[in-house]
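Asks: Sequence order for the protein chains is B and F.
For the first sequence, the numbering used here gives the first residue as 95, with consecutive numbering after it.
For the second sequence, the numbering used here gives the first residue as 35, with consecutive numbering after it.
Think about it this way: if two alpha-carbon atoms lie no more than 27 Å apart in a straight line, the pair counts; the simulated DSS-like pairs of lysine-lysine are:
id	chain 1	residue 1	chain 2	residue 2
1	B	LYS164	B	LYS97
2	B	LYS97	F	LYS99
3	F	LYS52	F	LYS103
4	F	LYS52	F	LYS99
5	F	LYS105	F	LYS91
6	F	LYS91	B	LYS132
7	F	LYS51	F	LYS99
8	B	LYS97	F	LYS91
9	B	LYS97	B	LYS132
Covered, in the sense of this in silico footprint (three residues per stretch, anywhere, with C-beta under 8 Å from a C-beta of chain B), are these stretches of chain F:
id	stretch
10	71 to 85
11	127 to 136
Partial list, computed: chain B residues near chain F (C-beta under 8 Å):
id	residue
12	GLY137
13	GLU138
14	ARG144
15	GLU191
16	ARG199
17	LEU200
18	PHE202
19	GLY203
Hints were generated in silico from the structure; no laboratory data involved.
Quick caveat: nothing in here was measured; it's all calculated off a predicted structure.
All C-beta atoms, glycine included, are put in the ideal place defined by N, C-alpha and C.
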Amino acid sequence: AQKVTQAQTEISVVEKEDVTLDCVYETRDTTYYLFWYKQPPSGELVFLIRRNSFDEQNEISGRYSWNFQKSTSSFNFTITASQVVDSAVYFCALSEERRGSTLGRLYFGRGTQLTVWP
Amino acid sequence: EAQVTQNPRYLITVTGKKLTVTCSQNMNHEYMSWYRQDPGLGLRQIYYSMNVEVTDKGDVPEGYKVSRKEKRNFPLILESPSPNQTSLYFCASSLRGFNQPQHFGDGTRLSIL
Chain B
95 AQKVTQAQTE ISVVEKEDVT LDCVYETRDT TYYLFWYKQP PSGELVFLIR RNSFDEQNEI
155 SGRYSWNFQK STSSFNFTIT ASQVVDSAVY FCALSEERRG STLGRLYFGR GTQLTVWP
Chain F
35 EAQVTQNPRY LITVTGKKLT VTCSQNMNHE YMSWYRQDPG LGLRQIYYSM NVEVTDKGDV
95 PEGYKVSRKE KRNFPLILES PSPNQTSLYF CASSLRGFNQ PQHFGDGTRL SIL
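Just chain F, with the same shape it has in the complex (with noise of 0.2 Å):
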């Protein structure tokens, strides 16, 4: 079945405790990307990568890092989380851009303390 896990789907921890949220997809796609959504606000781009080795800030890049060092993965890493970073994130994929469909993961819901 075509799609895109995220791990973990939930996580409360505390200030400054490094943390990576996991993202894989099964169906080859070249472009991953990570948001993040709040209320209010809706979903906000943190990273995105093209493909293997090449990535790019979104909107809101500060406080993470991303990896794409294979293809099916992009991983986004928190060194030092903070409270400003509670939110439900988002992994999302497609084949060759953004211009095409996203599909997208089930989310994690981060609570940082």
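So here's chain B without its partners, still in its complex pose (with noise of 0.2 Å):
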């Protein structure tokens, strides 16, 4: 079973219209970190955001929003009034921290493409 899951695998919008991008986690660990990157038409990887299990505060930057919802395991990503430069393809990820140990691990979903056309 997939641990982080994009069931959009793409989207496409017309200019200042709203999208969100839905991710949904599977986890049995109670500390995890939840992120969302970024990778336009060049191909970079942009960091996004963060989020820890104990911060379920949502959390708005700019035009962008995300809902972090434990009750459902969701982080979903909201953009609102989308611009033709938000077309990319938008990853959600999953850390773990395992119990007695630093270590963990790196789980990305299978992306969201977005399109926004003008």
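Mind docking these for me? Both chains are given alone in their own frames, and the hints should help you get the complex.
Replies: Shown next as structure tokens:
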């Protein structure tokens, strides 16, 4: 079973529309971290946000916002008033903190290709 | 400038010809890791290293080797490449673990014919 599921393979919107990218994760650890990364057409991977399992506060950064809900194991990402420059592949990722150890692993979802049309 | 540098950026080669993709970071990070990205599969971890001389397998280690002789370098070795290793590869580093944001290299596109 996948640890991180991004059910939306591709999403297309028109500029200025709001769009939400879904991320559902699976873990038995009580301490874990969730991330979103952006991969624009140029190919590099850009870190967007990190959230730990003890902090369920939603976060807003400009047009970006993140909704973390432990009850549904989801960490969704919303772009408000989308722009063409938001076109990219977006990856959600999970890192678990094993009990008694600082070792962890990093699991990525399969990504969501977002295309914003002018 | 803080960065993770991968070389080469592109490589086309043939089955069975040993190759090495280098990865170097200048941030004194302890953790380094390799991923491959394939269409529809996202990024999958190949190997990771917690420090010099400490490495461990990720999800898809078959056909790959790594070494960490120095803190800054973490090369990925394909001893006998096969076409199913054609992929986009990323090296990443972080200061102390996967609970921190990863700094990624720009990627290496490998084609094995």
